[in-house]
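The sequence shown begins at 1 in our numbering and counts up by one.
Any given hint might turn out to be false.
As the list claims (entries may be wrong) - Just the calculated beta-carbon pair ranges, DEER-fashion:
(1) 18 <-> 49: 22 to 30 Å
(2) 18 <-> 55: 17 to 25 Å
(3) 19 <-> 48: 26 to 34 Å
(4) 52 <-> 15: 29 to 37 Å
(5) 22 <-> 45: 36 to 44 Å
(6) 47 <-> 16: 41 to 49 Å
(7) 35 <-> 8: 41 to 49 Å
(8) 13 <-> 40: 32 to 40 Å
For the record, the hints were derived by calculation from the structure and aren't laboratory data. We put the CB at the ideal spot given by N, CA and C, even for glycine.
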Amino acid sequence: MWSNKAASFLSCSSELARTLRQCLKEPYRSKAIKRSSLEVYQSNFLNGIIISRELQDILEDAIGNSNIRVTSKQHIESNDKLGN
């Protein structure tokens, strides 16, 4: 089913899991919905200390507004050796 859509396996499986949780009877439904919640916090650091931490309501906003840069450990170590 997911291969016919223009969606990834992860997004399709998340959608199906959400649909299944909605089909459950109470009290199982509310427990399953509670387990599926996700909280995303954005922390701002200054000299290695957290200066502010805020809860993001929308995951896309948290990812879009962040200045997160993913680098490999080797890249960081090589920059340290070069004095960068």
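Regarding residue 47 and residue 16, is the given constraint of 41 to 49 Å on their beta-carbon distance met? holds, 45 Å
At the C-beta level, are residue 52 and residue 15 separated by a distance inside 29 to 37 Å? holds, 34 Å
Holds or violated: 32 to 40 Å for the Cβ distance of residue 13 and residue 40? The hinted range 32 to 40 Å is violated for residue 13 and residue 40, with Cβ atoms some 20 Å apart.
Using the C-beta atoms of residue 18 and residue 49, is the stated range 22 to 30 Å upheld? violated, 38 Å
Whether the CB-CB distance between residue 35 and residue 8 falls inside 41 to 49 Å: violated, 22 Å
For the hint 36 to 44 Å, verify it against the beta carbon of residue 22 and that of residue 45. holds, 39 Å
Beta-carbon spacing of residue 18 to residue 55 - inside the hinted bounds 17 to 25 Å or not: Given about 21 Å between the Cβ atoms, the range holds.
So the hint says 26 to 34 Å: do the beta-carbon atoms of residue 19 and residue 48 match that? About 43 Å separates the Cβ atoms of residue 19 and residue 48, which means 26 to 34 Å is violated.
When held up to the earlier numbered hints, the structure conflicts with 1, 3, 7, 8 and fits the remainder.
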